[in-house]
Amino acid sequence: MIDRNRGRERKRLAFGEFVRAEITALTRTAYLLTGDRHHAEDLVQVALARAAVRWERIDDPGAYVRRVLYTQSASWWRWRRARPPEALTGTVPDRAVTGSEPELRLVLLQALARLTARQRAVLVLRYYEDRTEVETAALLGCAVGTVKSQTRHALERLRTLAPELAELVGREPERVGR
Amino acid sequence: MSRELGGALRELAERIPPAAVPEDLFDRARARHRGRLVAAAGAFAVVLLLLAIGYLVRPAPVHVAPAGRPAAPGLPSRLVVPPARTATAGQSPPGAAAMLFGGPALRDGWREGRMAVVAADADRYRVFDEATASPPGFEALLSPDGRYAWWGGELHDLTSGDVRRLGAGGQPLAFAPAGDRIVHATEPTFVDGGHYVTDEVGVSGVDGRRLLRLRVGTAWVPPGNSAAVSPPGDRLALQVRDEVWLAPIGTSDGTGPVGPQARFGLSGGRLAGPGAWLPDGRTLAVLDRSTCVDCPVAGYPRTWRLALRDAATGHPVAGPAFPELRSTTFVQVVGWRSPEVAVALVGVPGPDARDRPDGYDQAWGPYHEPGTAAVRLVLLRRGAAQPEVLFETPPGVSELGVAAGLAVSAPLRPAGRPSYGPPHPYYLAGAGCLLVALAVPAVLLLRRWRQRRRARG
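Protein sequence lines, in the order shown, are assigned to chains A and B.
This note's numbering puts the first sequence at residues 1 to 178.
This note's numbering puts the second sequence at residues 1 to 457.
Chain A extracted, bound-state conformation (with noise of 0.2 Å):
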């Protein structure tokens, strides 16, 4: 029985380590892949709830709660209770064209909640994880293929949604390939 305690306050503390280290990372990540603060945090905790539950058997932590949280951000049920309702029209909605950063980053967010989960997903592992085709694949669970034609569309609809971010994504379409 003490043996138990004390293998259970181990884990305890390991996890806790774990997360000091972490939290900051998972939390951003966690952000750009809903576009809300709050989204964020219950994502992450998800991700570390279901860690916890599977500490013992779990050999590299950071990956697998990352992948916890692009799985999570990415599956249908949760895209559906977490994006706020969406109007679609047959016109992109119009804009104040300034080129300051803070409105620069504000467009970038908006643009970025409009995008599926999906490829947002893609586009975070990709520019801001700066993980390769292959990984990213391999963490979102698809084919290298998908990674590629999710990543085209992230872009495009980009373009079109917010024209001012195209110092940031390409004036013109481009062939993605690494």
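Source of the hints: derived by calculation from the structure; they are not laboratory data.
Careful, some of the hints might be misleading.
To be verified - Quick list of simulated restraints, FRET-style, between CB atoms:
#1 B:A45 <-> A:G141: 53 to 61 Å
#2 A:H38 <-> B:A43: 30 to 38 Å
#3 B:A429 <-> A:R57: 47 to 55 Å
#4 B:A31 <-> A:A21: 44 to 52 Å
#5 B:E23 <-> A:C142: 32 to 40 Å
#6 A:E129 <-> B:E23: 22 to 30 Å
What the hints assert, rightly or not - Covered by chain B, according to a simulated footprint, are these stretches of chain A (three or more residues, beta-carbon under 8 Å):
#7 30-38
#8 161-169
Where is the CB? At the ideal position from N, CA and C, for every residue including glycine.
Based on the hints, put chain B in the right spot on chain A.
Just chain B, lined up with the frame of chain A:
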């Protein structure tokens, strides 16, 4: 482009503070996981329990003979007491019946009028849950073809489950051998002197058409043995006290009561029952009563012997004697296999049976032969020393009516495996209550568990 986009994403992300993680997230997540496992196991157990209940109360298969080879209808060689779960005849009609029966084994404190039928072509049992008792063979009758059961002024169609209120009303006395006519009596009325009298006895078609109204008014006509319609359906024999009255059927328009056409004395005997007329339509069977000395049942000396009378004169018909039925509470002839062989139901006395003389006009109900413990179906052959016993009711079944047509024309069929139909409505209601009793605590527990989880989250 990749570098610019990556930089912009990092700028966005760096503005976000780290998520707040509860100190006890590790323990709570694991406890919640264990709770989910327990809830899943509980739900699985409930599903298993519901499946088990469903299996226990599943409808029993109705054994239907394969197409092209219908089972020959007949009286079953063995009768069983249907269990409590047996379907009602209204819920699941059994088809034409071979027997209608009752007795202490079928009744309990809640269902004093419970009786049962068994189908003619298979051992399909169904019950009637009546509030008041109508003893089969006396107050509850089965038509000769087994299609109808009749008691309390209602005709129950066993092939469809329909119930028809008879316009004639009154008390059932007999079905005609062809099954198309019924004999019924008005409710007895109390008269000065402490007696009851039956005002009228009527004959009607099953369709309700009145064929005869016979005025009685001087005596009570009890159910059971009192009336018999001739095989052609043109004459009624009715026992009134110690006499047999005869009246033609169909000659009057049935609008006004008429008196008997002829009558003769019984000398302490009885009319032989609904099958008292012989197939020739001219001879009547009566029961002569005596007492035995060396009786099969000590203390019950009542003895019956079938005798034949000429219906025109009332005089005895000469010929070899029918066998004596010693220690027998009652005899009820249901039909004739030939002029020499009668088919009859006879009552076996139980330990409480007392041999008392027939008390006329002392109306009582539910009417039956007191002290009868079992009923036998017998063949009474002229010249034979003993009756030939075909069938006897099991213990606890002391009242029996048979489909006369089957009893006369068909041999007994071997009894098969009994089936009792879908679960009795009481059982269905009980299963529903059980489900609710299980589901309500389960839902409450689930809600409490969710509320606790929300409160902790």
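Tested hints:
1. Evaluation of the 53 to 61 Å hint for B:A45 and A:G141 yields a failure: the beta carbon distance comes to about 34 Å.
2. Taking 30 to 38 Å as the suggested C-beta distance range, the pair A:H38 and B:A43 conforms, at roughly 32 Å.
3. The supplied range of 47 to 55 Å is met by B:A429 and A:R57, whose beta-carbon atoms lie about 50 Å from each other.
4. Evaluation of the 44 to 52 Å hint for B:A31 and A:A21 yields a failure: the beta carbon distance comes to about 24 Å.
5. B:E23 and A:C142 have their C-beta atoms about 36 Å apart, which keeps the hinted 32 to 40 Å range intact.
6. Distance hint check: the CB atoms of A:E129 and B:E23 are about 29 Å apart, consistent with the given range 22 to 30 Å.
7. Restraint check on the segment 30-38 of chain A versus chain B: 4 residues with Cβ-Cβ distances below 8 Å, three needed, restraint holds.
8. For the segment 161-169 of chain A, the stated coverage by chain B is satisfied: 3 residues place a CB nearer than 8 Å to a CB of that chain, which reaches the threshold of 3.
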